[in-house]
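> Start from the sequences, fold in the hints, and give me the full structure.
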Amino acid sequence: MLDWSPIILTLQLALSTTVILLVISIPLAYWTANTKSRIKPIIEAIVSLPLVLPPTVLGFYLLIAFSPESGIGSFLNDVFGLKLAFSFSGLVIGSIIYSLPFMVQPLQAGFASLPSSLSEASFVLGKSKYQTITKVLIPNIKKSILTGIVLTFAHTVGEFGVVLMIGGNIPNQTKVVSIAIYDEVESLNYSTAHVYSGILLAVTFAILLLVYINNNRSNKFSR
Amino acid sequence: MIEIDIHKRLLSTTGNFNLKVSCTINKGELVSIFGSSGAGKTTILRLIAGLTQQDSGSISVNKTTWFDSTNKINLNPQKRKVGFVFQDYTLFPNMTVKENLEFALNKGQSKDVINELIQTIELTDLQDRKPETLSGGQKQRVALARALVQKPSILLLDEPLSALDGEMRIKLQDYILKVHKKYSLTTFLVSHDISEVFKLSDHVIKLENGSILKQGTPEELFLDKKTTGKYKTIGTILSIQPSDVINIVSILSNNNIIQVIATNEEASNLSEGDKVMITSKAFNPIIQKI
Numbered sequence: 001m002l003d004w005s006p007i008i009l010t011l012q013l014a015l016s017t018t019v020i021l022l023v024i025s026i027p028l029a030y031w032t033a034n035t036k037s038r039i040k041p042i043i044e045a046i047v048s049l050p051l052v053l054p055p056t057v058l059g060f061y062l063l064i065a066f067s068p069e070s071g072i073g074s075f076l077n078d079v080f081g082l083k084l085a086f087s088f089s090g091l092v093i094g095s096i097i098y099s100l101p102f103m104v105q106p107l108q109a110g111f112a113s114l115p116s117s118l119s120e121a122s123f124v125l126g127k128s129k130y131q132t133i134t135k136v137l138i139p140n141i142k143k144s145i146l147t148g149i150v151l152t153f154a155h156t157v158g159e160f161g162v163v164l165m166i167g168g169n170i171p172n173q174t175k176v177v178s179i180a181i182y183d184e185v186e187s188l189n190y191s192t193a194h195v196y197s198g199i200l201l202a203v204t205f206a207i208l209l210l211v212y213i214n215n216n217r218s219n220k221f222s223r
Numbered sequence: 001m002i003e004i005d006i007h008k009r010l011l012s013t014t015g016n017f018n019l020k021v022s023c024t025i026n027k028g029e030l031v032s033i034f035g036s037s038g039a040g041k042t043t044i045l046r047l048i049a050g051l052t053q054q055d056s057g058s059i060s061v062n063k064t065t066w067f068d069s070t071n072k073i074n075l076n077p078q079k080r081k082v083g084f085v086f087q088d089y090t091l092f093p094n095m096t097v098k099e100n101l102e103f104a105l106n107k108g109q110s111k112d113v114i115n116e117l118i119q120t121i122e123l124t125d126l127q128d129r130k131p132e133t134l135s136g137g138q139k140q141r142v143a144l145a146r147a148l149v150q151k152p153s154i155l156l157l158d159e160p161l162s163a164l165d166g167e168m169r170i171k172l173q174d175y176i177l178k179v180h181k182k183y184s185l186t187t188f189l190v191s192h193d194i195s196e197v198f199k200l201s202d203h204v205i206k207l208e209n210g211s212i213l214k215q216g217t218p219e220e221l222f223l224d225k226k227t228t229g230k231y232k233t234i235g236t237i238l239s240i241q242p243s244d245v246i247n248i249v250s251i252l253s254n255n256n257i258i259q260v261i262a263t264n265e266e267a268s269n270l271s272e273g274d275k276v277m278i279t280s281k282a283f284n285p286i287i288q289k290i
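First to last, the sequence lines map onto chains A and B. By the numbering used here, the letter at position 80 of the first sequence is numbered 80, and the numbering carries on one by one without gaps. By the numbering used here, the letter at position 19 of the second sequence is numbered 19, and the numbering carries on one by one without gaps.
The hints are simulated quantities; they were obtained by calculation from the structure and are not laboratory data. Hints should not be assumed to be uniformly reliable.
As the list claims (entries may be wrong) - Taking lysine-lysine and the DSSO-like style, the derived pairs with C-alpha atoms no more than 27 Å apart in a straight line are:
1) B:79 - A:36
2) B:130 - A:143
3) A:143 - B:98
Keep in mind it's a predicted model, so treat the numbers as computed, not measured.
Here's what the structure looks like:
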């Protein structure tokens, strides 16, 4: 009988990462798309770092930071009772950092593609920045938001290095599908590895297929 | 009364220049800001609306200070009660025509004003359509209506008609005049079209390289002498055809072609494409270059 828990855990991780990242990324992307601040390149570089950094490097630093011996780790443990190393919440935080560019970059491109006169028209009508973002800008970058959601979700599903470094391989807590596959192959259980891999392939392909079908349809409309 | 004293350094493709404009506008006037592109016309509107910040000077509207560099007063665009019609319309693509107008409502403002505007600017048939399905002229009408929802005291129009063809232009000019009078607005119109400026404005500010070259009534600005015609209209010369000792000049004015007779001496001053004013005293029309 197949153990479904890695699959459920993966979906839980991908879902929580996507939701939290969406909330964080909208203001961040709006800021980077509109600011003329000198620190903008620094923030952009930090956001994009996970694209080029080996996941193991990121995972290693996070593991050090999360460990109860470190300043941050002991602070979180003492004040909030949070144990991030080798736990699901630790995985979520790691995934958020790791998938940050996949959410922020499409949103930033979306915001930047809107003419600035659109926000100006809203400001002249007496609307605040918040009202302008929620009622005017966000509804007009739906496609970018969908792209961000899908990329983040798919990227989190496919994560391996970061998860392995900070989560280890604890069933029901940190053993996601990608780790489970590695584990099964190590123990020469090729048949189970096949099933997990097949499911992962099918799920990710289905998600991407839906996005492209949707993209083509909305392109036809706008013409 | 609107008092404007603007000073801003502008960067342009032809080099940097200073925008330095100061003028006093009476309430209820329709003021045209006229000049070639790159003269700083749009920037003046943006400074009045607070979308661009000026380097120094002041703007005060009906004794309320909107901007004052010495006292560090600078109201943000939300607090300056202006209606702004952008050159590219900037309707919100995610909302229908009616939703665009409703979005403009102030908190707690009654929706009656929307129905009234829909009537005045004749948008009844368009109200449930999305902006992408509208023509340029229709979009411009919606933008005009949206700018008026909050009942601003000042209406800023940034080349509202430049993208429209002849007939639509005239229709929209009439809408602008209609709302300008109906809502007793003080209107600023940016334009580089003489006939439009002539038809619409009470006061013209001619701008060149950022400073006021001339200002006054359209007649004072564009005509050498004051004319005392009973009837006058503006047009463009389509052709000048010699016929025996006289010339027949065909002039396009408000989509009508008018043929006027001119002597050889008069015609020698004119050429095809000239903007002219036709005045008629009793029964002899006179063509005058502007």
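> Does each hint fit the structure? Answer for all of them.
Hints, one by one, checked against the model:
1. Annotation: proposed proximity of residue 79 of chain B to residue 36 of chain A holds, straight-line Cα distance about 24 Å (limit 27 Å).
2. Only pairs whose Cα atoms come within 27 Å are accepted, and residue 130 of chain B paired with residue 143 of chain A is accepted, the gap being roughly 18 Å.
3. Of the supplied pair hints, the one linking residue 143 of chain A and residue 98 of chain B holds, its CA atoms being roughly 24 Å apart against a limit of 27 Å.
The structure is consistent with each of the numbered hints, conforming to all of them.
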